[in-house]
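Participant: Listed below are the residues making up each chain.
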Amino acid sequence: MSETETSGTAISARGLVKSFGDVRALDGVDFEARRGTVLGVLGPNGAGKTTAVRVLTTLLKADSGEASVAGLDVVEDAPELRSQIGLAGQYAAVDENLTGIENLVMVGRLYGMRRSDARGRADELLERFGLSDAGERIVKTYSGGMRRRLDLAAALVAKPPVVFLDEPTTGLDPRSRLDLWETIESLVADGTTVLLTTQYLDEADRLADRIVVIDLGRVIAEGTSEELKERVGGIRVEVHLTDESSAPAAADALAPMSTEEPAVDGDRVSVRVESETGRIMEAARRLDGAGVDADDVAIRRPTLDDVFLTLTGRELSAEESGGEADREEVPA
Amino acid sequence: MSRFFHDTVVLAERNLVRLPRMPDLLIGFTIQPVMFVLLFAFVFGGAISTPGFDYVDFLIPGIIVQNTAFGGFVTALGLADDLTKGLIDRFRSLPTSRASVLAGRTAADIVTNTLSIAILVITGLIIGFSFGTGALDIIAGFALMILFGYAFSWIFALIGMSVSSPEAANGIGFTLIFPITFISSAFVPVDSMPAGLQWFAEINPITIVVDAMRALWLGVPAGNNVWGAVVWCLVLIAIFAPLAVHRYRRIAGG
Ligand SMILES: Nc1ncnc2c1ncn2[C@@H]1O[C@H](COP(=O)(O)OP(=O)(O)OP(=O)(O)O)[C@@H](O)[C@H]1O
Ligand SMILES: [Mg+2]
Chain A
-10 MSETETSGTA ISARGLVKSF GDVRALDGVD FEARRGTVLG VLGPNGAGKT
40 TAVRVLTTLL KADSGEASVA GLDVVEDAPE LRSQIGLAGQ YAAVDENLTG
90 IENLVMVGRL YGMRRSDARG RADELLERFG LSDAGERIVK TYSGGMRRRL
140 DLAAALVAKP PVVFLDEPTT GLDPRSRLDL WETIESLVAD GTTVLLTTQY
190 LDEADRLADR IVVIDLGRVI AEGTSEELKE RVGGIRVEVH LTDESSAPAA
240 ADALAPMSTE EPAVDGDRVS VRVESETGRI MEAARRLDGA GVDADDVAIR
290 RPTLDDVFLT LTGRELSAEE SGGEADREEV PA
Chain B
1432 MSRFFHDTVV LAERNLVRLP RMPDLLIGFT IQPVMFVLLF AFVFGGAIST
1482 PGFDYVDFLI PGIIVQNTAF GGFVTALGLA DDLTKGLIDR FRSLPTSRAS
1532 VLAGRTAADI VTNTLSIAIL VITGLIIGFS FGTGALDIIA GFALMILFGY
1582 AFSWIFALIG MSVSSPEAAN GIGFTLIFPI TFISSAFVPV DSMPAGLQWF
1632 AEINPITIVV DAMRALWLGV PAGNNVWGAV VWCLVLIAIF APLAVHRYRR
1682 IAGG
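Same order as they appear, the protein sequences are chains A and B. If you read the first sequence in this note's numbering, its first letter stands for residue -10, the second for the next number, and so on. If you read the second sequence in this note's numbering, its first letter stands for residue 1432, the second for the next number, and so on.
Hints in this document: simulated from the structure, not taken from any laboratory. Please note that a few of the clues may not be correct.
Stated by the list, open to error - Here are the computed lysine-lysine pairs in the DSS-like style, where the Cα-Cα straight-line distance is at most 27 Å: (1) A:K50 / B:K1516; (2) A:K50 / A:K129; (3) A:K129 / B:K1516; (4) A:K148 / B:K1516.
As the list claims (entries may be wrong) - Quick partial rundown of chain B residues pointing at chain A, CB under 7 Å, derived from the structure: (5) R1445; (6) R1449; (7) R1452; (8) G1517; (9) L1518; (10) R1521; (11) R1523; (12) S1524.
Note that the Cβ used here is the ideal one computed from N, Cα and C, for glycine as well.
Using the sequences plus the hints, can you model the full thing?
Facilitator: Structure representation (structure tokens):
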């Protein structure tokens, strides 16, 4: 690897393996994040997301493999590495018996900041996370979402160059979620590298420059959101027919638009296209020419749900509701 | 090293700031010891014969030793709580000195133990306890109790890092401390016990510490008890502090 490539990489994991008894939480995981980008780690419950984050933040030693953050090895250079990272774990880790301000000042001082600096930074972050009014209150009186935001603020106290956020928007209301997305975007604009795990597809879609999809401790796909969507069948033109019986005629009419056969599903007919431009018009024209009436003609872009289904044969959303990770339920 | 002290102070401060906000815990150091003193002095006081002493004089050094042995209990509770709430992970992800999380905990116990000891002595003085020695010995007695409490804080630190919940820490703490403090010279003269218990009470290091306190505060001939007690505390620290720190380092299973 050349010097420039090395210095452009903020997070790197190579061949990470970690077992807990019989469970292989990480089974040879590789990924990289370039400096100043967001890496989205997407996966269902029990995929190994948190385990990967814990290895990268020095909380857990991998059984084998290597990892570095900000050019520092997670094992050899752990003490130095810790001054370069901020972590908001999956569950808010704040002291319930301190106030919001006291929590942030404590964390700042543990990063080595002077008390007055830490105090200034705490006020700034409370403001940014909409907690200014609650800053003097004991955290015990906070709602779940407020604790979560305080925890995220704690991860940013020292303005670390690399930030790890493990499911940061779980438990936030839609408004706070949007605010956090904006905060993450502004962090990245300032050059911070962010690794973000999530089960929310729209979140990875919106924030992540690159996405790794992990399942059962392995990376099963990697790329930009666009690349991943491309892999599962790309863009389709979908037609909603007025009359289901005209489906065969519609399929015949649309067939020349693609090298692939149109797909028919009841009163819906869809066909894969290479690019979006002009396709809706073309489909409408062809249907018109064949005398087929349609209620709606639209471009359908695949979601990451589709990505997951295609890659694993399982619905992502079905597992989201599962709560505790439970591998027994997962068909091999 | 300066980093270690800095972080220890920050964390000790955290532990002390939160204390008044946990009233149930605060009762443990303040009202509960007072209640014990009053119960022992007035319920058992008439029945237990302590030749050569008023029972209150005999009782106060003993009950302070027992209470101080329990003092580090906040450390076990606090650490177990921090573990379950994920705060230990937060601290471990920060560039803090590793030993400072435990050192900050046990250092905070020094403050709470001092408070507790002061409350007990004042309660004792009100119900008739009187020192039988000079200022230097009295101060040495306080110092011994602080050291003794600090040693037990490290035992509790190990317990706190080894159990799955604050409730478990509670259970183990009580099961451990009650017998070793009761089967000692703390509350009754050892020669009043049945033979088997007497044997245990005589070799029980708590007896050495209680006897050292009676030497320092009542003027009972000391023998080797004072030095024995100091050495015993130092040995406890030398054993349990490294064990607790080791446990802390390993706790994440890594
Ligand atoms: N400390 C542990 N002891 C035993 N098993 C563990 C431990 N931590 C994780 N595991 C197991 O390792 C696997 C991966 O867990 P991990 O927490 O990394 O998943 P995750 O992708 O973060 O899931 P979730 O979306 O539910 O947070 C799971 O099967 C889990 O049960
Ligand atoms: Mg997780």
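Participant: So, for every hint listed, does it hold in this structure?
Facilitator: For each hint, the structure was consulted:
no.	hint	in the structure
1	A:K50 / B:K1516	holds (21 Å)
2	A:K50 / A:K129	violated (33 Å)
3	A:K129 / B:K1516	holds (12 Å)
4	A:K148 / B:K1516	holds (24 Å)
5	R1445	holds (5 Å)
6	R1449	holds (4 Å)
7	R1452	holds (5 Å)
8	G1517	holds (4 Å)
9	L1518	holds (5 Å)
10	R1521	holds (4 Å)
11	R1523	holds (6 Å)
12	S1524	holds (4 Å)
Hint 2 from the earlier list is the only one contradicted by this structure; the remaining hints agree with it.
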